[in-house]
Amino acid sequence: MNTKGDKILDKSLPKIGEKSLFTEELELALENGSVDFVVHSLKDLPTILPVGMALGAILKREDPRDAVVMSKKFKDKTLTTLPKDSVIGTSSLRRSAQLLRNMPHLKIENIRGNLNTRLKKLNDENGPYAAIILAAAGLKRMGWEDKISQLLEPEETLYAVGQGALGVECRESDWKIRSILEPLFDLEATLTCVCERSFLKTLGGGCSAPVAVSSSLKKNELTITGAVWSLDGQTLITDTSKSKLYLPNDDGEPPRKCPYQEPRLYCSVIPSYKISSISLLGAEFLGKDLAKNLIKKNALDVMSQARNEILDSK
1 MNTKGDKILD KSLPKIGEKS LFTEELELAL ENGSVDFVVH SLKDLPTILP VGMALGAILK
61 REDPRDAVVM SKKFKDKTLT TLPKDSVIGT SSLRRSAQLL RNMPHLKIEN IRGNLNTRLK
121 KLNDENGPYA AIILAAAGLK RMGWEDKISQ LLEPEETLYA VGQGALGVEC RESDWKIRSI
181 LEPLFDLEAT LTCVCERSFL KTLGGGCSAP VAVSSSLKKN ELTITGAVWS LDGQTLITDT
241 SKSKLYLPND DGEPPRKCPY QEPRLYCSVI PSYKISSISL LGAEFLGKDL AKNLIKKNAL
301 DVMSQARNEI LDSK
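First residue of the sequence shown: 1, per the UniProt record's numbering; consecutive thereafter.
Treat the hints with care, since some could be wrong.
Label pairs and their computed distance ranges (CB to CB) [claimed, not checked]:
hint, residue 1, residue 2, range
1, D232, W144, 27 to 33 Å
2, K120, E155, 39 to 45 Å
3, N308, R264, 34 to 40 Å
4, T80, T223, 22 to 28 Å
SDA-like mimics (lysine to any residue), calculated; alpha carbons at most 20 Å apart, straight line [what the hints assert, rightly or not]:
hint, residue 1, residue 2
5, K72, S179
6, K140, K84
7, K120, I148
8, K73, S149
9, K201, L281
10, K84, E109
11, K84, K201
12, K201, K73
13, K201, K242
14, K72, W144
No lab work stands behind these hints: they were computed from the structure.
Values in this document were obtained by computation on a predicted structure and should not be read as measured data.
All C-beta atoms, glycine included, are put in the ideal place defined by N, C-alpha and C.
Work out the full structure, taking the sequences as your base and the hints as a guide.
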């Protein structure tokens, strides 16, 4: 099923419009009952879902990092060793802002299309691209890990909210489907992604401003770094927050179903027997608190300026 984001390939994502680019048609099918659930790349899913929809599962997260794929003529290079004015292809404001800030010797150009299309453009001998940057998760899921020339660590490039994770959207009232999906929840992926989505939701971000994160859960401590950039990368607002979460111990016994269902959702995520509401609440609060810290540093002004620049360029 093709979505608006799949069909319009001659514009960068922010210039098309920031909401539901890859989800609207799928959610209509879910609403009218022609499908029972939809599997999304979580980074494409808005932080606020339509009324009546919820995330019935977040699966184990694949590598959330960004990956560099070099053209054949630069296969032995890295981004830092590429010649001056080499062209890097990406459709992401987040990636372009970070590259402009951290690697000013490079030029950034928009590139759209699915993985096959982008790789074909990269390897076109008459094409402009020295390299393209993609989500490592997408390449790995396609079995194309051998095409990755360089993985960018969070210290080099923060990644998109939810990147590398798959979210399963369902009708909130469909108890049968919810019970089928519930065992698929992955603890670490769910808590880190709820935290990241809460951060983005509080900022009010989308495709129209460079916003990025990295997060980790070690034992019971959740850590998140978030950042906002100007489009040219010259202005950066960032901070890191951490908090200890209550994580019930696995006693080895079969899961015990709660005798009642809590109506509260956490960034559209349904609580499950695998992940307690108190853990989800802690993750949600941590992301919100980090966003508030950035807002105190004028992050909203930077994001507003970015949106205005995009509108002016249409």
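Each hint, compared with the structure:
1. D232 <-> W144: 27 to 33 Å: 32 Å, holds
2. K120 <-> E155: 39 to 45 Å: 31 Å, violated
3. N308 <-> R264: 34 to 40 Å: 36 Å, holds
4. T80 <-> T223: 22 to 28 Å: 27 Å, holds
5. K72 <-> S179: Violated. K72 to S179 sits at ~48 Å, over the 20 Å cutoff.
6. K140 <-> K84: 30 Å, violated
7. K120 <-> I148: Between K120 and I148 the Cα gap is close to 15 Å, so the pair holds against 20 Å.
8. K73 <-> S149: Cα-Cα ~12 Å, so holds.
9. K201 <-> L281: 15 Å, holds
10. K84 <-> E109: The given pair, whose Cα atoms are some 15 Å apart, holds under the 20 Å limit.
11. K84 <-> K201: 37 Å, violated
12. K201 <-> K73: Measuring from Cα to Cα gives roughly 41 Å; hence the hint is violated.
13. K201 <-> K242: 18 Å, holds
14. K72 <-> W144: 15 Å, holds
In terms of the numbered hints stated before, the structure departs from hints 2, 5, 6, 11, 12, listed from lowest to highest.
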